[in-house]
Structure formats: C-alpha cells, structure tokens
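Q: This is what each chain is made of:
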Amino acid sequence: MSHNPWIWVSAILTLGIFSFLYKENPFYRVCEHLFVGISNGYSITFVWHRILMPTLIDPIGHGQQLWLILIAIIGALYFTRFIPKISWLVRIPIAIIMGYGAGAAIPRGIDAGIVEQVRATIVTRSTFSTAYNGIWAIVIFIGVIATVSYFFFSRERKGILKPLSYTGIVFIMLGFGASFGYTVMARISLLIGRLTFLLRDWLGLIH
Amino acid sequence: MTSVWEKLTKIDRRVIYFMLLVVIVVPLIFPFRLKPKPMPPVEKLFNYIDTIPEDKCLVVSVDYSPDTEAELHPMSIALLRHAFARHKKVGVLCMSLLGLGLAQDALTTVTNEFNSRAMSNADSIVYGRDYVFWGWQQPPLVPILGMGENIASVFPLDYYGYRTDSLPIMKKIKNYNDVAILVSIAGSAVPFWYITYAQTSFGVRIGAGSTAVQAADFYPYLNSGQVTGMMSGMKGGAEYEELVEERCNIFGRRKATDAMSSQTAAHIWIMITIIIGNIGYFAMRRRKK
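So the protein lines, in turn, are chains G and V.
Residues in the first sequence are numbered consecutively from 1, following my numbering.
Residues in the second sequence are numbered consecutively from 1, following my numbering.
Looking at chain V on its own, in the form it has when it is part of the complex (with noise of 0.2 Å):
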C-alpha cells in the first residue's frame, strides 16, 4: 500500500498545472492590489532619470519579442511615461527586430495617454520634437558602436521613413555625448553589449531592464556601478509604475502591477508543492532505510 507521502511525491504534474491556472485566475477576475516597494536598483535608475539635464537625452532600447512581452512591455511603458511627465528628450531605437511593433505599441499607447490630458501644443508630445524612433539596424556592433560617432548616419531614415537629420530633435541629439542613460530592456544580453561596446567605447551610461531569468546575471554589474539601475522582472516593472504613479502623478493602467496578486499566489503554490515534494522525499528515504 502506497503512503501519503509516496502519493505526495508522485502527484501528476497536470494535476499541479491545473492548481496553478486556479491561483493565477482566481486573482485576475478578484484582484487585490498589492503595493510593491520599490527596490534599490529600481530606485536608481527612476532618480538618475528623473534628473537628467535639458540637453541631454533619454535613450530606451527595446531589445524584447514578443514572447517576454507581459515582463518587459510594462517596463518600456513606465519608462516614458516618466520621461514624458518630466518633459525629457527621448530617443527609441530596437535590436530586436520583432520589438518594433512592440515599441510603436509603447510609444502610441504613452503619447496618447498624455495628449488626450494637453491643453495646449506645449503641453503635447509631439514626434520628431519631443521624442524620435529611430527602428532597427543589424548587426549589433554597428549601430551600438556607430551611435558615439553620429546617430543619424547610423539610421538614416526613421523607423516611419523620414529623413532622421531632418527632424528638430536630431538637432541636440547626435550621438553618446547626448545621451544621458541608455535603458536597454531586454529578453537576452543586450545589455551585456551595450556595457561592452558602448561604456566601455563611449562611457555612455547604462540602465537595464531585463527579465526576471536574465536578473542574476546583471547583478554584478549593478554592484561594479556599470549598471546605474536595473529593473528585474515584471516585479521591476510593478515597482517602477509605482514611483511613476507616486512620484509623478501619471495614472494610467499597471499591467505589471495588476499582475502581482497572481504573482504573489502562484509563488507560494510553487513554494508549497516544494516543501511538500522534499517533506515526502525525505520521508520515503527515511522509511527506505
């Protein structure tokens, strides 16, 4: 007769994704909001751009597809939410080629929210004076290593066609001088590159956001100060809404936030079938001996 334990060690893995999708979709239809406490590292980046001086620019690589969308998109959303409500110049380019529907999302889903408050054409966020999106280059090296030398040689033509050197904004931003940070957020090691090429080359200054599996290999980084802030995960992107939401009084939907209570729920599921898994193990080994 199999034990209690023995059952517990050996519960069908459908039966524990089941139980997941339960506490994942249960807090979804009743949320409640947790509020998340912003972490050093995110702290940083939002101060160090928060200060950014007039001539200088924010640069925001969305270096993410679509499969890391739900960690990163809201990351990339805060960021210029912020950069907006602080009147910051900022430039988006991609390294991720299927990041560029992504980014325009990004933009269009910000630039509505702020246009819909204005009052005035001052108040507006206007393309080509307020902010520039430059597209996708390949291969990397190029545009990461030609941006410190003249960044409307390495994108001629915008991601909507234009003349880049035409546009007002290109005229104070013309290559890593310009640029204050340079925020890569990404699904991968881009902003290992950036640090390689672009510090290392440029001395350009770095912030990261990355998702929650890429987060450990950042850190030391951040610890060399290579790194001046870094956003870990969906939980980065909640805690950088937060300081938006606080600190600026920009109100728009909290993707990364709303998704905390399930994340909360799904942590303790998987906390609780470990500490069972490893209880029954260690009571079958036991009786084994």
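Bound-form chain G, shown alone (with noise of 0.2 Å):
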C-alpha cells in the first residue's frame, strides 16, 4: 500500500467519485465540488502567471507596448456584465471575438469541411487504382447520396427517394452503432485506467 499522502488523497476521491455509481450522496457532491474549485483555480493562477503577467502587465510596467492598455480595457469590458446600467458595453468585446471568429472560421471551415469532404466523395478513374479502394469508395459515395437523401424533407418520399432514403437509414443505424461501440470502448479505458490506479499506485496489488 501507498505510503504516499497525495496518492491516498487521490484514491479516496476517486472512490467518492464512483459512489455516484451507487446513488448520489454529500461525499460525492463534496469530490465533485472539490474538482471544480481546483481545475478553476488553477486555470486563474496559470493564466495570471504566465499569461497576463509577461504579455501585458510587465511590459506595460516597463512603459513598452502602451497599446496594450486599450486592449486590456476592451477586454475588461466583459467585466461590466456585473453591473446593470453599463452591462451593454459587454457586446463590444463580444463583437470583437465573433467577428474575427467568423472571419477567420467561415472560409476555412467551409474549404476544410465542405470542399475537402466532397471531393474525397467523388469517385474518379483513379480511384479504382485498386479493387479494394474502388468498392470502398463507392459504398461511400452511395452512403453519402443515401444519408443525404434521407435528410431532404422538402419533397414526400415517394419513388426513387423511397429506396434511397432507406438506404440512408441504414447507413446513419450503422454509423450509430460504430460510435456507440467507441463510446463503450471509451468508457471502459477511462474505468480500466483508474481502476489500475487503485490497484497499483494505491494498494499495490498489481505491477
């Protein structure tokens, strides 16, 4: 067994995690409280020690990059949320970010997203340069028409879009069961590692 405080520590607050697995109970509520305080605290000290600190309080304390007090008050704005008579300043900031959020998402997302994808969804000569890359593509390319087909709501599914529609189900069934196998495969490592923790760093049973 551990003779180290901060694993002992660790484990019993992993234990008053999975107590939840039980029914909720304060010794629960008191761990996941605990994690909340600590991951915000420590986000607030990291970011005024390493961020705020060097890249705009010392050097506007050392009289250099005076332009970054303007910054810093439209940054400060969002703080006038707490303060009713002035709470519309806020928008200015948040303007500020959606914009070039926007900006900067809207083409990029569009060419990464959209272009790219279709274009690996055309099925070209080339594509059959091999007998297993060509049926692989053209299961993804009637996946795409099919799935894409049943979410087109603008006319009755009636004729050729019955079928493909469908189709389409079957495709979006298939990519549901692939993720909610993933999503157990996840959840089983997330059990498995803390679990090895308990086995290992704490009591020791396991090498």
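The following residues of chain V were derived to be distant from chain G, with all beta-carbon distances above 10 Å: (1) 7; (2) 170; (3) 177; (4) 247; (5) 285; (6) 286.
Selected chain G positions facing chain V (in silico; Cβ < 7 Å): (7) 43; (8) 46; (9) 104; (10) 108; (11) 116; (12) 117; (13) 184; (14) 185; (15) 186; (16) 189; (17) 192; (18) 206.
Please keep in mind that the hints were generated in silico from the structure rather than gathered at the bench.
For every residue, glycine included, the Cβ atom is placed at its ideal position computed from N, Cα and C.
Starting from the two chains in their separate frames, assemble the complex, guided by the hints.
A: Next up, the structure:
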C-alpha cells in the first residue's frame, strides 16, 4: 500500500466519485465541488502568472507596448456584465471576438469541412487503382447520397427517394452503432485507468 | 409469476456494474497479454513519423486533460519514444491548460528512459537541443495560426520560462514549414481546428490521437487524406506501442497494451448483457402478443 499521502488523497477522491454509481451522496458532492474549484483555481493562477503577467502587465509596467492598455480595457469590458447600467458594453468585446472568429472560421471551415469532403467523395477513374479502394469509394459514395437524401424533407418520400432514404437509414444506423461501440470502449478505458491507479499505485496489488 | 426473461430484462444496474468491476479487475490482477495488431491508420502515422526528414520536426500537441488520461496518455508516451528513438526533433505544446502537467509527465518519463540508457551526451535526449516544450497559449486560434508565421513569437517563453528563441532547436524550427507533421492528441475537437486552420492555411500535415468517442468523427478526414494517420482510443495507443516496440526495439511500460486484456473482457461482458437484454425484450414482446 502506498505511503504517499497524495496517492491517498487521489484514491479517496476517486472512490468518492465512484460512489455515485451506487447513488447520489454527500461524499460524491464534496469530490465534485473540489474538482470544479481546483480546476478553476489552477486555470486562473496559470493565466495570471504565465499569460497576463509576461504579455500584458510586465510590458506595460516597463513602459513598453502601451497600446496593450487599450486591448486590456476592451477585454475588461466583459466585467461590465456585473453592472446592470453599463452591461451593454459587454457587446463590444463579444462583437470583436465573434467577428474575428467568424471571419477566420467561415472560409476555412467551408474548405476543410465541405470542399475537401466532397472532393473525397467523388469517384474518379484513379479511385479504382485497386479493387479494394474502388469498392470502398463506391460504398462511401452511395452512403453519402443515401444519407443526404434521408434528410431531404422538401419532397414526399416516393419514387426513387423512398429506397434511397431507407438506404440512408441503414448507413445512419451503422454510424450510430460504430459510435456506440467506440463510446463503450472509451468509457471502459477510463474505468480501467482509474482501477489500475487504485490497484497499482494505491494498493500495490499489481505491478 | 415473473418469467426468467422478465427478470433478465430487469437486472439491477448495480449488479451489472459489479460484474463489470469483476471482469475488469480480474485480468488486471492475473494479466494475460494480447498482442495488438496495428490497423492501417495507426501504421500510416507510424510510417510517416518514421520517415520525417532530418531538417523537419514532429510537433505533438497535448490537447487532453486528466479525465481522458487513461486513453490518450499512452499515445503521447509512445509517440515520444518513437520520435526520440529515431532522433527526430520534437516540439510539444498544449491546447488544454490541464494538459500541461500531462505533457510534462510524458516528456519526463520518456527522456528519463532514454537518458538512463545513454552512453554519451550524443545518445542523450537534451532539452533545447532535441526537444522543446512551448507550453500553452490562448485562445486556440492565436497559436494555431501564429505558428504558421513564427513559433517563437507565439511562445516567447517556453514552459520553463526560458526565452524560446534562445534554444538551439529553435534555429531549425521557425514555423509550419519546418514541421513534417503535427499530431494532436485530444479528447475534444482540437485536431479538427488544426485541420481547419493550420492545414487549410499553411498545408501542414496533421495526425490525430483521439478518444474512442471522437474517433468516428475523424474517419471522414482520414479518408479524405486531411488526416495522415490516426490512433483511436486506448486500442490505438496499444497498437502504436506495439509498433514502437517491434520496429524500434524500445521497451518500456506499455500502459495501453496492459489494459487490453481487461478491455476485451469488459467488451465481452457488455455484449453478453446487450444480447440477454434483447432476447428478453423480444421474448416478452412475443408473450404480450
């Protein structure tokens, strides 16, 4: 069994969180609140010492990059949310962030998420360089067309749209199944991680 | 009187949890090692990193926090072992603030492994010469786009507080032009940000290490070639560990591989519960009719 007090703290908190599996209880609540508080405290401290101090406060304190004062004031407008009379000022930093974010994201998002994906779906002669690639390219092509047709709500599902949309359902269900399988794997992995910690680092039962 | 099938569909969830605990704990205490067979996405990533030219580097973006450590940390360790075994230059950064400690842990673990075996300074893994830990910068768009122009200006100080441009390794790593591949190991959509901003704008190659939950989202990008290679979940980590041990002869603790026996047992148990539940459901439905 470990002699390190921090391992004990960690193990007790792990058991506290696991106790939720039995039912909601105060021990779990304490652990949950501790986690939220510590995460926030850590983040705030790190941002203050490693971001704000070297990139904002130190340069201004030394009389350099004084234009940063303007940026700091705009950033500080976020706090006006707590003063109802001038809370409208919060729109300024939000507008800047949204404008910058949208401007950066829209063209690149379309390129990476739509154009490149459509390009990868198009079946050309070169796709059939090997039979394996060719078959999967056709499956992907049919899957995309069928799935998109399932979400085509502007027309009644009759004629070609009916079998196509039903095929789409098959692909969607396969996708859900794959996601569910992966989710199970993920959750089990996390449980194994914690149990390994308890059995190895805390109890010393495994090596 | 309730039938057997009815009882099976109403098993208390705590019984299922307890059984799950048993099937995971038993293989941990009495392990049997399964040999993971590397899948093509993992092998592609490995092969690409293996052939990084001398004038380029590998960038590992540690974008996860302790909640997904079990799944993703073995990937970081395996990647670093591979890179250092092949004498590749490595840059490490974090998009997750809580990932800083984990990145530091992975670097310490792997550099200690190599340095304990090193016979000379040339064999050792030296900070500033062989690798650099840039740290964390926010918001994500700033480092992702800024690194395309000048990495040292995005991270003026490294994680340890040294001036980044004073490190010898930084003379060879200016921006994405000097990066052969950037591997984002994340429990969130960070690899997608790299694809959207870094790859679209600067053409840098992206590799991904994702949690199993996220893996299905990244497969379309693997198919389109936007992601060069990918490790998905703990299994992906185990496959990479296998490749590193088999092809680089680097031996060390293989956390993901060690967990595969429990993972397999748990999957079998979950499949059994799903099958029992479904049989019970259909048997009850037939009876009601």
